[in-house]
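Chain by chain, the residues run as shown.
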Amino acid sequence: GENVEQHPSTLSVQEGDSAVIKCTYSDSASNYFPWYKQELGKRPQLIIDIRSNVGEKKDQRIAVTLNKTAKHFSLHITETQPEDSAVYFCAAPRGSTLGRLYFGRGTQLTVWP
Amino acid sequence: DTGVSQDPRHKITKRGQNVTFRCDPISEHNRLYWYRQTLGQGPEFLTYFQNEAQLEKSRLLSDRFSAERPKGSFSTLEIQRTEQGDSAMYLCASSLAAGGPYNEQFFGPGTRLTVL
Numbered sequence: 001g002e003n004v005e006q007h008p009s010t011l012s013v014q015e016g017d018s019a020v021i022k023c024t025y026s027d028s029a030s031n032y033f034p035w036y037k038q039e040l041g042k043r044p045q046l047i048i049d050i051r052s053n054v055g056e057k058k059d060q061r062i063a064v065t066l067n068k069t070a071k072h073f074s075l076h077i078t079e080t081q082p083e084d085s086a087v088y089f090c091a092a093p094r095g096s097t098l099g100r101l102y103f104g105r106g107t108q109l110t111v112w113p
Numbered sequence: 001d002t003g004v005s006q007d008p009r010h011k012i013t014k015r016g017q018n019v020t021f022r023c024d025p026i027s028e029h030n031r032l033y034w035y036r037q038t039l040g041q042g043p044e045f046l047t048y049f050q051n052e053a054q055l056e057k058s059r060l061l062s063d064r065f066s067a068e069r070p071k072g073s074f075s076t077l078e079i080q081r082t083e084q085g086d087s088a089m090y091l092c093a094s095s096l097a098a099g100g101p102y103n104e105q106f107f108g109p110g111t112r113l114t115v116l
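These protein sequence lines map, in sequence, to chains F and A.
Position 105 of the first sequence, counted from 1, bears residue number 105 in our numbering, the numbering being contiguous throughout.
Position 9 of the second sequence, counted from 1, bears residue number 9 in our numbering, the numbering being contiguous throughout.
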């Protein structure tokens, strides 16, 4: 299938703790994996992406890891802050040449001060 | 504002009416996507243009839906004979084709459609 499965659907953490969101995909030819953050009432915005030629990518407090063998990738947020509270979506393409992205159902992250 | 823009931001219509939405992508972007998002779900792909060519359509896009990008710049999405199940946020995104098939998709603010 073409599904992207995302877990958990909700995640609550204390400020300063780490948060991890996991996604699995089905198409072994997929080679691009973006993560989007959507605040309430706002548009999705890309926060980090990874291509299949690397296993990990970091950008300050955010990192993404990719396991192509297991077909899963994860978003890691360290030292969480209340402004990290939002819905996070993972996505993966179908195949390696098409433009469409399949999105997960989203994870509502709440960071408590 | 040089980002993706969409018009209108909100549309309320009665069942059976036709509606049309417009998307203006980032000016140098040659790829344009339409997605639909319902509450508690991620964006669902509807269709995709590269320049003026519509390269892919989702099975979600029934015969009542049509999208155009006549000059390879702005795009319109029309829904004919709207149904209550069409109520959703319609998101447009654009990206550059250069450098490979996958570059960041920049989303617009969306058009929220409510069908009464």
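No wet-lab data here; the hints were simulated from the structure.
Mixed in with the good hints, there may be bad ones.
Some residues of chain A that are not near chain F, with every Cβ distance over 12 Å (derived) [as the list claims (entries may be wrong)]:
1) Lys11
2) Gln37
3) Glu44
4) Leu46
5) Thr47
6) Glu56
7) Pro70
8) Lys71
9) Gln80
10) Gly85
11) Asp86
12) Arg112
13) Leu116
Straight-line alpha carbon distances no greater than 30 Å define the calculated DSS-like cross-link-like pairs of lysine-lysine that follow [what the hints assert, rightly or not]:
14) Lys14/A with Lys71/F
15) Lys71/A with Lys22/F
16) Lys42/F with Lys71/A
17) Lys68/F with Lys57/F
18) Lys71/F with Lys57/F
19) Lys42/F with Lys22/F
20) Lys71/F with Lys58/F
21) Lys57/F with Lys37/F
22) Lys68/F with Lys57/A
23) Lys42/F with Lys14/A
24) Lys22/F with Lys57/F
25) Lys58/F with Lys22/F
26) Lys71/A with Lys57/A
27) Lys37/F with Lys57/A
28) Lys11/A with Lys57/A
29) Lys22/F with Lys71/F
30) Lys57/A with Lys14/A
31) Lys68/F with Lys22/F
32) Lys58/F with Lys42/F
33) Lys22/F with Lys57/A
34) Lys11/A with Lys71/A
35) Lys22/F with Lys37/F
36) Lys37/F with Lys68/F
37) Lys68/F with Lys58/F
38) Lys57/F with Lys42/F
39) Lys37/F with Lys11/A
40) Lys68/F with Lys71/A
None of these values were measured; they are calculated from a predicted model.
Ideal Cβ positions, reconstructed from N, Cα and C, are used throughout, including at glycine.
(message) Let me make sure I understand: some of the numbered hints might not hold for this structure. Which ones are they, in numerical order?
(response) Numbers 2, 3, 4, 5, 6, 12, 14, 15 and 40 - these are the hints that the structure violates, sorted from lowest upward.
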